[in-house]
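> Since chain A is already given, all that's left is putting chain B on it; use the hints.
Okay, here's what each chain looks like letter by letter:
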Amino acid sequence: MVDIPTYDVLIVGGGLAGLRAAIAAVSVDPTATVAMVSKVYPMRSHTVSAEGGCAAVLREPDSFETHAFDTVKGSDYLADQDVVEVFVREAPLEVRQLEHWGCPWSREPDGSISVRPFGGMTTWRTCFAADKSGFHMLHTIFQTSLQFPQIQRFDEFFVTSLIVEDGRCQGVIGFDIRTGVVQPIAARSVVLATGGNGRIFAFTTNGSICTGDGMALAYRAGVGLKDMEFIQFHPTGMPSTGILITEAVRGEGGYLYNSEGDRFCATYVPSKMELGPRDIISRAMVTEFEAGRGFTGPYGNYMHLDVRHLGEEVIDRKLPFMRELGLEYMGIDIVKDPIPVRPVEHYMMGGVDADITGATPMPGLYAAGECANVGLNGANRLGSNSLPECLVFGASAGRAAVRYARERTAPPTDNPIAGLVRDEERRIQATYLDRSAGEDRIGVIREDLQRAMDRHVSVFRTEEGLVEMAAELPKLRERLGRARIDDHSRAFNTELVQALELECMLDCADTMVISALERRESRGAHARRDFPDRNDERWLTHTVAYQRPGDRPRLEYRPVQIGNFQPQARTY
Amino acid sequence: MTAKTITLSVKRYDPERDEQPRLQDYEVPFHEDWVVLDALNWIKAHRDGSVNYRWSCRMGICGSCGMNVNGEPKLGCSAFLRDYLPGPIVVEPLNNFPVLRDLVIDMDSFLEKLRWVKPWIIREETALGPGEHRQTPAQIEHFRQFSMCINCMLCYSACPVIAIEPEFVGPAAIALARRYDLDSRDQAGQERLRTITGDDAVWDCSFIGECSAVCPKGVDPAKAIQQTKFESTMGMLLPWGGTK
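As they're listed, the protein sequences go chains A and B.
Everything in the first sequence is counted per my numbering, starting at 43 for the first residue and increasing by one.
Everything in the second sequence is counted per my numbering, starting at 618 for the first residue and increasing by one.
Simulated from the structure, these hints should not be mistaken for laboratory data.
Even for Gly, the Cβ is constructed at its ideal location relative to N, Cα and C.
It is possible that some hints are incorrect.
[Unchecked claim] The calculated label-pair distances, taken between Cβ atoms and stated as ranges, are:
(1) B:Gly815 x A:Gly342: 36 to 42 Å
(2) A:Tyr599 x B:Arg664: 43 to 49 Å
(3) A:Arg359 x B:Arg732: 44 to 50 Å
(4) A:Gly523 x B:Asp665: 20 to 26 Å
(5) B:Asp665 x A:Val223: 45 to 51 Å
(6) A:Pro103 x B:Arg740: 27 to 33 Å
(7) A:Gly295 x B:Arg664: 18 to 24 Å
(8) B:Arg732 x A:Tyr588: 31 to 37 Å
(9) A:Gly592 x B:Pro777: 56 to 62 Å
(10) B:Glu689 x A:Ala308: 45 to 51 Å
(11) B:Pro705 x A:Asp482: 24 to 30 Å
(12) A:Pro151 x B:Trp733: 52 to 58 Å
One chain only, chain A, in its complex shape (with noise of 0.2 Å):
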């Protein structure tokens, strides 16, 4: 084995927090070479999807302290109180770095950045695009990212697993997805930046890619996955697809009406209405659609979201992408007919275990973005936090990653490595390509898994769902080890990223499933009907999971950071 690239910062996945942590690293040391590994080109990732915008106190009268509150209560008191204060305090330099960068901000008539309203936000503080805040936030800084000839990009490579060399992280071996030749990335330090893993329910805002992967390679390598059971269901989602209606909908202005007319979130959240948090409006919404007070379609029960009284100048100003998308995808306009929307799966609260640099427990290995979970979001994340989330703690695993790096020798490239990518390669092989006989196919067994989690890990759940669901996860693995494989080939064998994305979703869902399972008590998106309350006593802990092969995993539990807030009852 010759010439592995070697790298001194290799980072999977081209979003928002990957491209952020590569700026930074070059940004931190100019001689710094980075590795830049997406399985997708940069501007597909899923950043891009994202809509109502990016918070950050930009001026007066807004505080760090309210929005540090803000964020804490939104928690359920489960984030950490000293990220929240890091992560107040840079959001702000981050819309500002981004606006340097060219970000076509939304702007006031004096040309200052505007700001919006949003779910769970005493006041006005999210920044946004008009509604393509993650669109324009995603293509300015990939943009920006080619002016430096030091991150050298490796696109549509998919990595499937770390090179584990000392104890340390020294880069990993994957696949260029258009050989299919499997082959190892070396590098001083590695940061997972792969984003959430939404797919692995069937109805979701996510967009295919979002499966996992980086959790799983974490994962596997024997890093916890933190707060797994804490999964966001975002209250307006397309009926039919899906696809996300943002909450900037609701910021502007937008209200919700059950099928008796009724503004129902008066019975809920009174103080905000349509812009309490996503976990309540969501949980509010189903109890309504029980009790009979939904509207009926042919995707099930829904509300009506209407924004006609905010007139066709101000929605085309702000919302010109929700009214393409409803008249594209629904066949209305938003300016004349309200919205058909029901709780969609939406965000991972959960993720990699990392610490407030992004360091994970791994020498060399670092995470950022909705694939870490640094203990800003606790059980219930905020309404645009995730896009400064991507900036703060991307920029900072990127800058902590090089400074590891700077301190380290290069990597081995002989033959432990050689033998590694050996063995990648025989699994790949012998599991997926010389596999042709077997009756499942691997879009259906993904389908079954998707069906049942939206079943049984849902808005509401329950001690039996989560043990059926806990039954069927080995069975849908076993299928996959059965699995019939139609594509022999190495050239851009999309079935085979396909089969080893649901070996990344199984290993997501088991720490989803059974953390959800053991947590007694509900709190922010985890809410149990066999236990209805909140139980500070017992449950202000994060689960961390760890993998025991062939067994459920194992749970740890560790204490919260509190600070300045201490938990209270979570009123609105």
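The following block gives chain B in isolation, referenced to the frame of chain A:
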């Protein structure tokens, strides 16, 4: 039950097995609200796992699923089956790119062209100042439409110039160059303009306008090209160059 179906005729090509691309027919369920991408996903999950194509967001924003549908460049996620009744629907890779597999094109050339036009803010000072640059809504309007490009490559597939001159930098890259040239925060002056008015750039365009016609996001690359030509001409005629 005899559910309604429609035929998708998919261009298949595997460089390891096929001498030439070929069409393969699949009978797929017809649903009123299905798009071509839904039909492809159904084929891949239930009939033939070896059909390869790119996709992700299925909401017209990630730009992955550009393909030719009955000969027209489209996003697979916004081409509704109901608009092609009774079928068959012929689905092929975009034109003017090498094909890696089935519907998957090699678009690395675009990524190189994109970098070549310097799609980033160029300014004297790079340190982060204490505040934001002011930019009024009217100033955003100057460049806004050019910033909406999702890099889906439909315009490259439609471009008659690229077809005969693959080195042409192409509509999307020029629109994005224009996006930065028109941004009030940018101070590139002639730097970017010189690039896109040099070889293989705006002067190669014969102004057919197909790029703007096929853009799914309302971007008008033809206008960007015209503006650039005009500005560069003014720059030659006037000592102070073009205007921002």
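> Just tell me: holds or violated, for the beta carbon distance of glycine 815 of chain B and glycine 342 of chain A against 36 to 42 Å?
58 Å, violated
> Quick check on a hinted range of 56 to 62 Å for glycine 592 of chain A and proline 777 of chain B, using CB atoms only.
Holds, since glycine 592 of chain A and proline 777 of chain B (Cβ atoms, about 59 Å apart) stay within the stated range.
> Taking the CB of glycine 523 of chain A and the CB of aspartate 665 of chain B, does the distance hold inside 20 to 26 Å?
This hint holds: roughly 21 Å between Cβ atoms.
> Return holds or violated for the Cβ distance of arginine 732 of chain B and tyrosine 588 of chain A against the range 31 to 37 Å.
42 Å, violated
> Is it true that proline 103 of chain A and arginine 740 of chain B lie within 27 to 33 Å of each other by Cβ?
31 Å, holds
> Does 44 to 50 Å hold as the CB distance between arginine 359 of chain A and arginine 732 of chain B, or does it fail?
33 Å, violated
> The hint says 24 to 30 Å between proline 705 of chain B and aspartate 482 of chain A; measuring C-beta to C-beta, is that right?
29 Å, holds
> Given the hint of 43 to 49 Å, check if tyrosine 599 of chain A and arginine 664 of chain B actually sit that far apart at their C-beta atoms.
47 Å, holds
> Can the suggested window of 45 to 51 Å be confirmed for the beta-carbon pair glutamate 689 of chain B and alanine 308 of chain A?
49 Å, holds
> A range of 18 to 24 Å was offered for this pair. Does it hold for the Cβ distance of glycine 295 of chain A and arginine 664 of chain B?
47 Å, violated
> Given the range 52 to 58 Å, decide if the beta-carbon distance of proline 151 of chain A to tryptophan 733 of chain B lies inside it.
37 Å, violated
> So does aspartate 665 of chain B sit 45 to 51 Å from valine 223 of chain A, Cβ to Cβ?
For valine 223 of chain A against aspartate 665 of chain B, whose Cβ atoms are near 24 Å apart, the range 45 to 51 Å is violated.
Checked against the numbered hints given earlier, the structure breaks hints 1, 3, 5, 7, 8, 12 and satisfies all the rest.
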